[in-house]
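All chains, please: the whole structure from these sequences, using the hints.
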Amino acid sequence: MDYLVDFALTVPEGTPASELEQRTTGEGIRVAELAARGRALRVWKPLPDDGRARAIGLYRAADDTELQANLASLPLWPWMEISVTALAEHPNDPALSGGSAS
Numbered sequence: 001m002d003y004l005v006d007f008a009l010t011v012p013e014g015t016p017a018s019e020l021e022q023r024t025t026g027e028g029i030r031v032a033e034l035a036a037r038g039r040a041l042r043v044w045k046p047l048p049d050d051g052r053a054r055a056i057g058l059y060r061a062a063d064d065t066e067l068q069a070n071l072a073s074l075p076l077w078p079w080m081e082i083s084v085t086a087l088a089e090h091p092n093d094p095a096l097s098g099g100s101a102s
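Residue numbers (UniProt numbering): 1 to 102.
Certain hints may be false.
Said to hold, decoys possible - With beta-carbon atoms standing in for the labels, derived distance ranges:
#	residue 1	residue 2	range
1	T24	A95	28 to 36 Å
2	P91	G14	48 to 56 Å
3	P94	G14	46 to 54 Å
Worth flagging that the hints you see were computed from the coordinates, not collected in a lab. From the three backbone atoms N, C-alpha and C, an ideal C-beta is built for every residue, glycine too.
Have a look at this one:
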């Protein structure tokens with residue numbers, strides 16, 4: 001099943017820069033690992049930029065439990081507010097009719 005995940009990051013006040021850098025680096029590594037396993041499909045930065053640290057991602061998991069475990073494995077997870085929308089195929093999806101999806 002595919003999921004659209006909206007992430008908003010709030011770094012706790014007083015967090016040392018070194019911890020933020022370590023978690024941010026770890027986040028990139030972990031997302032790459034999930035991508036290699038076919039679990040993180042795409043990640044976008046929403047526009048217009050509203051000044052908040054946000055991302056929207058397309059993730060794939062067997063079920064809600066697997067998705068939750070994958071998201072909880074992200075180093076920035078404790079600082080994230082996350083909204084998840086489960087997605088189902090739509091009969092008008094151009095990808096299903098051989099059209100190009102970007």
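Consistency of the hints with the structure:
1. T24 to A95: 28 to 36 Å: Since the Cβ atoms of T24 and A95 sit about 32 Å apart, the hinted range of 28 to 36 Å holds.
2. P91 to G14: 48 to 56 Å: Holds, since P91 and G14 (Cβ atoms, about 51 Å apart) stay within the stated range.
3. P94 to G14: 46 to 54 Å: About 48 Å separates the Cβ atoms of P94 and G14, which means 46 to 54 Å holds.
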